[in-house]
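A.B. asks: Knowing the structure of chain A, use the given hints to seat chain B on it.
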Amino acid sequence: MNISPGFFYVFAGTSILFSLLVILNRSAIASAFSLLVVFFSFAGIYALLDAHLVAALQVLIYAGAILVLFIFVIMLLNVEQASFDYKRGRILTGVFAAFGAFGMVFLLGRVFRSGSAPLQPGPFSPENIQAAGGNTRVLSELLFSEYVLPFELTSVLLLAAIIGSVVLAKRGVIEKKSKEAK
Amino acid sequence: MSQVEPWVVLSFCSIIFFIGFTGLLIRRNILVVLMCIELMLNAVNLTFVTYAKLLQNLGGQVAVFFIITVAAAETAVGLGLVVAMFRTLRSVDTDQIQLLRE
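Chains A and B, in that order, are what the protein sequence lines are.
Okay, so the first sequence: first residue is 3 according to our numbering, each after it adds one.
Okay, so the second sequence: first residue is 0 according to our numbering, each after it adds one.
Just so you know, the hints here were simulated from the structure itself, not pulled from any lab data.
A few chain A residues facing chain B, derived, Cβ under 10 Å:
no. : residue
1   : 36
2   : 48
3   : 68
4   : 74
5   : 95
6   : 103
7   : 121
8   : 122
9   : 173
For clarity, every value in this text was computed on a predicted model and none was experimentally measured.
Where a beta carbon is used, it is the ideal one built from N, C-alpha and C, also for glycine.
For reference, chain A alone in the conformation it holds in the complex (with noise of 0.2 Å):
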């Protein structure tokens, strides 16, 4: 693929040893903060890869929405850092756990590698796209037209998100007010 591999590989670099941060780290708060640099660095990888819209949805949703949300409960909360005290059995569950996904990553490298399957490419070529006005464009004119029933059914999906968080974070203080009313 004709990407720069410099940009590339700084982005990978810095995603895999900040994703392992988000991991390792002691402190709630810290990992959310590697989790940032994690998001930055894809939305640099989809930048390379042509995928512009979903760069800037990365940015602004990921890095913008999520992440503000889950610093606001970790302050919100404000739990010690205790939190990260290893049981016996943890640290097995942990040898295990990076023992398995050392082995998947590696067999799934080795499969991605061996890929020999003639690969058929669609009508969407870097050039075919600059022809018709850009990647934001073309894919919004697939969004409303080929995917418009997903994309209309996402919204009932965020509604029931909505209603379901504002149910939850305010069950006690629904509780509370019935208990006084009585």
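C.D. replies: Using the frame of chain A, we list chain B on its own:
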């Protein structure tokens, strides 16, 4: 080395995915567990985008759009659950969730 081979990018995705998976197994803080799920979702997104580029088919990027939406909804509900759990248990430790056992 002027090119990045596709299998390098795909292996990188699987590395990030399994880092997230390992974190899911070894961490007890439920906030970090949710972050690991985000990490895994991001790795899958990158796989989709890589194949979208490789196969010259934008369906992969549309899929990423939907995955991002689902991830945002999942985080909102998940963090609501974390707050509710903290209210009842006074802790964000997954090992403390044992109300059925008591």
